[in-house]
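I would like the entire structure built from these sequences, with the hints used as guidance.
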Amino acid sequence: MFNLIRNEWEKILKKKSTFVMIGLLILAIIALSGILKYVDNNDESTGDEWQADIQQQIETDRENMEEYGGRQLGTYYQRNLAINEYRLEHEISPSVESNVWTLVDEAKMLTSFIGLFTIVVAAGIVAGEFSTGTIKLLLIRPMSRTKILLSKYLTVILFSLLLLAIVYGLSSIIGVILYGFPPDDAVHLAYQNGEVVERSQGLQLIITYLLYSIDILMLTTMAFMISAVFRNSSLAIGLSMFLLFVGNTVANLLAMQFDWAKYLLFLNTDLTVYFDGMPTIEGMTLTFSIIMLTLYFLIFHALAFFFFKRRDVAA
Amino acid sequence: MTTVLSLDHVSKSIGKKRIIDDLSLSVQEGEVFGLLGPNGAGKTTTIRMMVGLMRLGAGDIVICGDSVKDNFERAIKHVGAIVENPEMYQHLTGYQNLVQYSRMYKGITKQKIDEIVELVKLKKNIDQKVKTYSLGMRQRLGLAQCLLHDPKLLILDEPTNGLDPAGIREIRDHLKYLTREKKLSVIVSSHLLSEMEMMCDRIAIIQQGKLIDVQTIADQQLEEKSTYYFETSDLGKKLLQLREKWMIALKGEGFIIDAEKEEVAKLIKELTEADISIYLVQKLTKTLEERFLEITGS
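These protein sequence lines are chains A and B, in that order.
Residue numbering for the first sequence follows my numbering, beginning at 192 and increasing consecutively.
Residue numbering for the second sequence follows my numbering, beginning at 23 and increasing consecutively.
It is worth saying that the hints were derived from the structure and are not from the lab.
Quick caveat: nothing in here was measured; it's all calculated off a predicted structure.
From the three backbone atoms N, C-alpha and C, an ideal C-beta is built for every residue, glycine too.
Treat the hints with care, since some could be wrong.
Claimed, not checked - Heads up, incomplete: computed chain B residues facing chain A, CB under 8 Å, no partners named:
| # | residue |
| --- | --- |
| 1 | Arg-70 |
| 2 | Gly-74 |
| 3 | Arg-77 |
| 4 | Glu-95 |
| 5 | Ile-98 |
| 6 | Lys-99 |
| 7 | Ala-103 |
| 8 | Glu-109 |
| 9 | Tyr-111 |
| 10 | Gln-122 |
| 11 | Met-126 |
| 12 | Tyr-127 |
| 13 | Gln-167 |
| 14 | Thr-201 |
Okay, structure coming up:
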């Protein structure tokens, strides 16, 4: 099994397209840091009177809540109020100055790039072998097809972890170079189950990254399934990317109208709402989402393995 | 003689069409066994079922005592195969490709890989990417790939497809070496009759998924009577006499006769004594092609 994964890993890393992907990702991180630094320099710092500012913010939030406090906005104001009151009480100033974590936090939007690249790899890893015919020499080895497919899936997951590590690691390094090490008292205030909790920012960001990658994991698994079932990488890439970009929006639109939307994959992929925020549809819980995700995950894999194992290789 | 591979009433249908119909045959140790048949006869399908690329419809295939159906991983360990063209990873070098395959077996050393590379004469190009290889080099790399794990049975689907005469000759020499020196059994498929005749010990003729006949190539030499062609000067009066005694048939500048070896010697003596010049005596073996056409009735 280890050898199979090593084989797959080697096949991916020796491809030119892989280098292009990693190169683009690194460029994107550098560009993002540059832009942030530039914007940051033009930003005027609010300085020492943060307590007064927050007091003012609390008051506006209260007014707004009374006026617009509907189903979704209400919880938003509630969260802001709770966090701001906590700040006043414990004298934690909002860190107006950028530090290394600001960059790492902003870099999390690059996870959609990672999603894109991982989908491309997942879509090609099975279908590609069929279209080049190399699948024939791969399947006539003393290895079960289950093991071969599993090694391919695990390799895709490893690849996405590599990309995540590149983004997190490189943005931290650039962050330290640009802003130096963060102040000791920099904590993240999270709003969880109606309470405010303190978290270390580095840890909070790792959690955020992992939560963001659930999206990637699910779409990658779907792309992988399409790749294994239909042996067609274009279909796998096309469908998964389409869903990556519009899936969330469409699901959210549906969620405003229909309650059944909570069974859609995309309303369950964003688990961050359960750790810091509120779910899209009332009554959805972390457990519910995890069950839904597991279900989707298992269905995708059941399809992939079933078809891959039974398939007659005739091409 | 031990049986290396046996097909036991194998059938396969795709949709409603029966592609392979109750096929049974066996291959012995050290034998080159040919699967011959026109395009679409089911040769490739049969081979794909042997190596597990296609599922068996009915029946079973046993390789060195292990069933492909029940114990695929054990059965396939004895097999090295090229199915149609040897498609390798184009973006890897020849050597990297071989390393890929070697990782899927236990205990293939670096020396072993080098040894095989030497054997198929690819040493010079082994560190180039496969996409730069010529068809002949790819074919040789394909052969290297299936020899890595010292298989007992080689299965080659159209191994000479698209090769030039030198390449075909090379493959033939390799196969001869492997069967004689290493006691390998080989199954080759082809639709080229002349080629099969030169390579194989036995040939199975398949048509529309059915086994029509199995021919032993060495049979020809054992037949008592053969057909000979004599090219001679004008027979003149002798003709009538010959017709009566030897049952000859006129052809071209001479005649054709069915006779045993000793009789031929006698006939030559007789002709010389009658002052008839003999320019040529040629043994006409029935080619496989003639037999094939005879059997398949086309």
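Results of checking the hints against the structure:
no. : hint    : in the structure
1   : Arg-70  : holds, 7 Å
2   : Gly-74  : holds, 6 Å
3   : Arg-77  : holds, 6 Å
4   : Glu-95  : holds, 4 Å
5   : Ile-98  : holds, 5 Å
6   : Lys-99  : holds, 5 Å
7   : Ala-103 : holds, 5 Å
8   : Glu-109 : holds, 4 Å
9   : Tyr-111 : holds, 6 Å
10  : Gln-122 : holds, 5 Å
11  : Met-126 : holds, 4 Å
12  : Tyr-127 : holds, 7 Å
13  : Gln-167 : holds, 7 Å
14  : Thr-201 : violated, 21 Å
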